[in-house]
Each structure stands twice: as structure tokens, then as C-alpha cells.
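2 protein chains.
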Amino acid sequence: MPHLSNKAVQIPASAIRKLTPFANAAKREGVKVYHLNIGAPDIKSPRSAVDALRNFHMEYLPYSDSAGTLELRRALVEKYYRKIGVQISTDEILVNTAGSEAVDFAVQTCCDAGDEVIVIEPYYTNYFSFAFQNGIIVKPVHTDIRDGFKVPSIEAFEAVCTPRTRAVLLCNPGNPTGVVYSREDMLRIGEFCRRHDLFLISDEVYREFCYCDEPHFSALNIPGLEQNVIMVDSVSKRYNLCGARIGCTVSHNAEVIAAITKLAQARLCPPVLGQVVTLGALDAPQSYFDSTREEYIRRRDFTLAALNRMEGVFSPVPGGAFYTIAELPVDSSEDFARWMLTDFRLDSQTVMVTPAASFYCTPGEGLKQIRIAYVLEVPELEKAMQVLEAGLKAYRER
Amino acid sequence: MPHLSNKAVQIPASAIRKLTPFANAAKREGVKVYHLNIGAPDIKSPRSAVDALRNFHMEYLPYSDSAGTLELRRALVEKYYRKIGVQISTDEILVNTAGSEAVDFAVQTCCDAGDEVIVIEPYYTNYFSFAFQNGIIVKPVHTDIRDGFKVPSIEAFEAVCTPRTRAVLLCNPGNPTGVVYSREDMLRIGEFCRRHDLFLISDEVYREFCYCDEPHFSALNIPGLEQNVIMVDSVSKRYNLCGARIGCTVSHNAEVIAAITKLAQARLCPPVLGQVVTLGALDAPQSYFDSTREEYIRRRDFTLAALNRMEGVFSPVPGGAFYTIAELPVDSSEDFARWMLTDFRLDSQTVMVTPAASFYCTPGEGLKQIRIAYVLEVPELEKAMQVLEAGLKAYRER
Chain A
1119 MPHLSNKAVQ IPASAIRKLT PFANAAKREG VKVYHLNIGA PDIKSPRSAV
1169 DALRNFHMEY LPYSDSAGTL ELRRALVEKY YRKIGVQIST DEILVNTAGS
1219 EAVDFAVQTC CDAGDEVIVI EPYYTNYFSF AFQNGIIVKP VHTDIRDGFK
1269 VPSIEAFEAV CTPRTRAVLL CNPGNPTGVV YSREDMLRIG EFCRRHDLFL
1319 ISDEVYREFC YCDEPHFSAL NIPGLEQNVI MVDSVSKRYN LCGARIGCTV
1369 SHNAEVIAAI TKLAQARLCP PVLGQVVTLG ALDAPQSYFD STREEYIRRR
1419 DFTLAALNRM EGVFSPVPGG AFYTIAELPV DSSEDFARWM LTDFRLDSQT
1469 VMVTPAASFY CTPGEGLKQI RIAYVLEVPE LEKAMQVLEA GLKAYRER
Chain B
1119 MPHLSNKAVQ IPASAIRKLT PFANAAKREG VKVYHLNIGA PDIKSPRSAV
1169 DALRNFHMEY LPYSDSAGTL ELRRALVEKY YRKIGVQIST DEILVNTAGS
1219 EAVDFAVQTC CDAGDEVIVI EPYYTNYFSF AFQNGIIVKP VHTDIRDGFK
1269 VPSIEAFEAV CTPRTRAVLL CNPGNPTGVV YSREDMLRIG EFCRRHDLFL
1319 ISDEVYREFC YCDEPHFSAL NIPGLEQNVI MVDSVSKRYN LCGARIGCTV
1369 SHNAEVIAAI TKLAQARLCP PVLGQVVTLG ALDAPQSYFD STREEYIRRR
1419 DFTLAALNRM EGVFSPVPGG AFYTIAELPV DSSEDFARWM LTDFRLDSQT
1469 VMVTPAASFY CTPGEGLKQI RIAYVLEVPE LEKAMQVLEA GLKAYRER
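Chains as they are written, first to last, in this note's numbering: chain A, 1119 to 1516; chain B, 1119 to 1516.
Read the hints as simulated data drawn from the structure, not as lab findings.
Every residue, glycine too, gets a C-beta built ideally from N, C-alpha and C.
Among the hints, erroneous ones may be present.
[Stated by the list, open to error] Now the stretches of chain B that chain A is said to cover, found in silico as 3 or more residues with beta-carbon under 8 Å: (1) 1152-1163; (2) 1214-1220; (3) 1224-1232; (4) 1313-1326; (5) 1379-1391.
[As the list claims (entries may be wrong)] Dumping the calculated DSSO-like pairs for lysine-lysine here, alpha-carbon to alpha-carbon at most 30 Å: (6) 1486/B / 1501/B; (7) 1145/B / 1501/B; (8) 1150/B / 1136/B; (9) 1145/B / 1197/A; (10) 1501/B / 1162/B; (11) 1145/A / 1197/B.
Using the sequences plus the hints, can you model the full thing?
Pasting the structure below:
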């Protein structure tokens, strides 16, 4: 029997999804599982997205341009990015098969195998996956839950920077922390990238989920850093079109777009039906974003108050996205998360959360932490928090 | 300004798509361009696929399972693979974001950077792209147009096999040659793989386009090779759903499926709307395949007769797919293909073809050859062949 590649053997299974079999088993027993483990929200997509799909006339489905249809790129430039203060042309944007592909292509464009990318820990776990698949080494800059995951000082970046460092990869607002980086934070990180000639890959897929008064500051607007910035975006969260698999890459650096175009040609084109609904979604009125934001502020406020009321639980209040990291009074949050699915029921209900260790690559970090996605309506979150609190109590007394 | 990775600089642009700017310029002048350059057919998708999309009720689009919805995997197993004599369970199939991703994940599962994969030359050019992106080396076994691209002897495979060889990657029926490998061919190649403990990655996306009397023989049915075979498939050509971006990987080797599942988790899920139309397409009646096949036999017969009537042109008659490689009486088919787009018009018409050199990695091979995709209706093909013949004459007399 032939041997698998070392890569195939060593790549870790998704920490976010690996507890799924236990959740499915619980459901088969008739247990209601509250999914706080994955960023799969219940907000409706804009009416215009639904209409675009209904009005799409299909006889067959040909390929689109590898970079996405010109119509969609133009609409993104004119209807969305212009509105949020990002001035780009249709030559500076490429449509991806979701933000996942955008991150994958961006790291490949900056780094060869053996090169290094700096990430701010805890980070979106698939950053590690895409780096690993390409033989790229992730160098973490640590942030601490007790500091509210505050952006680290530039000294912390300097400390992990080596001659093999090619890029900084960050997520703003952050998954899994919900931290929002201010204009000043971004300027400091930008200055570090300029000094060391690094790319800055800025994942801004949660841009519309900022709950502070300050507007979101895109890395594309860092003065003088035009040639260094690769902005990664997605419609998955913005319009709740996770299944459409449409994202994009934006850069003022023409060489970057040319390189990513070559990578994109090999996979032929992004999903055409996803492009159709996205084109429609871009006609969403401002009220769509406003009401979504208000709803998430309610959910955040409820969830964080509930978490921090539980004995021994601490979670800093996130300024954006729809995640929070909570420290639990347990030794192993992974064991607790599995136990909730296999052993604990309150009135035939349980809760699924994501153990946070996989968001860190510093060994031993995050072992007591979980990530919670507050993507349910408040009445559902209320029940989920009751179940979580009762579960924690029972787990400690077991 | 930061430097791009060597990979990003060195990866070749798509040979199939790099002449597109010249075609677009011709179209802007009002020239009609016959696209024989890309496998983008005009056949309607099954009615059931169109209906599935129309009946899909969307409020928002959540992720599906990373492996594709269970409903779709079950339908593929029961409605399609069982019918064609491939016996698998839903645990042995994973839905991909098109055949492209299936090939990418398959080579990564077999090979680490520096490992080698044997391909039969001329091969689908993106096999090279996916290998290159992963640092994998492509070792070609040469086949010759004058032999009708007949499957090489096993000695030719032995000659390129080294201790770093991990897999054979083939396409049956073949893109770009249209060659169909017989049961005996496949058994011989299978025996070679078994002897050297190699994976056999079998790309069977053109399975329904076999014009011989013998039924298509899937690598999955090679006796005793169950643990070696990774079959790659796609609905792009089968139902003319190229833009849906849905393919799949099938293997009896549980380790292979487990490894590919990990790769699939990092990109979250395949396109959900593509899964919806595919589920519908699987209800296509046998008459859909029969009439499509008859249509392509007409197109093939017409195209090959026309080509071989042209002075100095030779193209062996393909047994499957919808491509053929033709040798032209020119020194550089790339120069000719570009010249057709930039300089030649017959009654304001021209033809776009793909230079074949990029389907070879042996230097100097294929320089006089083009690939033609006979994906238009016969009356259109008739005009395209007239234009091609006139273009060839004018090019030689220029």
C-alpha cells in the first residue's frame, strides 16, 4: 500500500470541526445542540441577493473569467469599496473562491516554502493550515486575554522577525478575539512592514461588524504602504453568504495581482452562481448593515454579560466580529467541550463550543479557553448560556 | 518594495487563457471570434438541474459539510456511480470545489515537495500548475501524435520512475488528446503502480464522452488496486456545469479520504449553489447522455475530416472527450495562434486555438501543434474550419 505524503499525515484536522461527530451523535439521540462553535449566523441575506438568484436565467453554466466577471469586479469597486472609502480600479481586484482561497493565494504570493509569516496569536486557525500546506512557517506574536488581546508592541514583532520573514498576516476585526485594530495600531504595524520590506496581508472579512464609534480602518489606506498591502475580503459574513464561496483580493501592487491571477487561472474560475448572488447583494441598502450591526451589538452585550457572570469565567468584551474568547475554570477546554457533547444534557439540550488551543501555536497557550460565536438570536443565546453555565458547574462537580 | 515569492514569479500563466487579451481586442473591433481554445461547450444542462436551482429556497447561504452535503454524496453514489458500475459508499467520496481542487488535493496527499508524479505527455496543462504550486516534480512519459498518442509501453514508465516517484496522474479520456485508455491499458498501468507502490490518480471527468463501442473502464475497477487509486471527477463537462465548480474525489483508501478531508476543512466547504444544481443534474435521464454523445460524435467527425483535409495538417481521430491535437504546417503554433487573433480576418471572423507546447514538458515538443476543442454546433464548426484553413494559407504566404 502506498504511503501518504508527510504533509497529508501531519496536517491537523480542523479544531473547529473535529468535534462535529460528537455533536451529530448527540443530535441522533434527540438532543438539541446550540452551535456556538462556528461562525455560521442566522441573519437573512439582503433581499437583492435572493432576487438576483431568482432572476438568473440558466441554460447551462459556463466558466467566468479567472478573476471573476468584470461586472462583479466593477460593482465591488463602485458600489462597495468606494462607499467604505477604499479607492481602487477593477485591475486591482480579483474575485476568489471565498476568503479561504484569498488567504491561500496571498501567502503563496509572498512566501516560498521555508519562509515565515508573522501572525498575531490567537489567530484564525486556518491561517496555520494554509501556511502549512505551502511549507510556510507561522511565527506568532502573542497577545493575552487578560490585556483584552491588545495589539502587541512593535518590539514583540521585532522579536520574531528574521531574514526569512516575508509578511505579516492579521485579521481586523479579529477572529477569534473580536479585537478591532485602530488606525494607530495599523499605522504602527504598517511602519514595521515598511521598515522590513514585508507584505501586510490584511484579512478584513468582518469589517461591517465593528461595534465601536471609530470607523473601520482598512490597511489599504495606510499612507505610503500601497505596494505592501494585500487585502483579503469575503462576502460570507457581510451578507451571510458563507455557502456562496465568494471572496476577493485587493492590492495596489500590480505584480501581486498578476501573480495571483496566475494562481487563479489554474483553478479556472470562482463559482458562477456565487458571483450572481454577490452581484445582487451589492445592492443592499445601508439599513441592512445598520440593522445587522445593532442585532450583533445586542447579542454581544447579552453573551458577554452572561459569560462574565458565570463563576470563574472571564471574557474581554470584543469590539467587532461575532466571536469572543472566554477563559473557563477548567484544566482542558477540549475535554470540557467534548464532555458537553457526549455527557451533559440540560432538558435534552447541550452546547457546542470550540476549544481555543488551536488558535495558538505557542505550546500550552489557550488550554483553558474556548471560542464562542454569538451567532444566534438573544432568546436562543439565553438558553445556550444557561446550558453552558449548568454544564460548567456539573463538569467541575463530576 | 517587498519581493514576491519565487513561486509566484515562476509559475507560468495559463497557456489556454493567455491569448485572451488578443481575442478581446479583436472582439472590440467587431470581429467574430470562434472559440476552439477552451472546453466551454454550448450543450444545455439537464432540465432537472435548472429546475433544482429554480426551486431552491434561499434566505441565506450557510456552509455545508466540508465533504459536501450528505444528500449530494448519497445521490452521487446511488444515482450516478452505481449506474456506471462503480460501487462505493458515501464515506469513500468527498465533494470538491471542481475537479481542479480534486487534482490539487490528490497530488498533495500523495507527494511532498521534491517528490515526483508521472504524467502522460501531452497532459492537461494545469496538472503541471498544481504540481508546481506544491513543489512537486512532473515526470513525463511521452506519447506521439503520429502514433495517435497511443499509451506508452510500461518500459517508458519504468524509465522515468525513481525512488521519489509517488504517483501516476492520468486523464481518461484524455485532455488534450481525446485518447481513451482501454481496460488492458489501465490494467498494465495499474500493475506498474502496484509493483512500485504508487498511487494512481485517475482523472475521469470526460467519462461520458467516449465514442468507441467499449464502455469506459474506471481505474476504481482495477482488481487489487483498491488502496492505490484516487479517482478525480467533475460535473463541469458531464452536465455542462463548468461554472458550478463542483467535482469530487473517490477512493477506497480510507487514509486518503481522511487526509483530503483535512485539506477540505481548511477551505470550509464546496460551493453550496453548485451542490444544489448538481443534485438536480443527477436526475438527468440516460437520453441526456445519449443525445450529448451523438452530438459530439457529429462534431468530432466533422472537425477531424475538415482538419485532415487541410494541406499539411494532421490530427489523429480521438476516441473521447471533445479535444483534438492537430499538427500544423507552421514553425510556431503559438505565433500562428496569436497572428490569427491580431492579423487575420475572413469576413470579419477569426478563430482562437490553443498552442499545444504547454501540454508538454519535454522541451521542443508540440511547437507545431494546437489543441482544438470542438465544442460548437456543426454549422459554427463549419465556418470556424473555413476561417482556420484560410488563415493557415494566408499565414504561410504572408
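Query raised in the report: Honestly, which of those hints from before does the structure not fit?
Result: none
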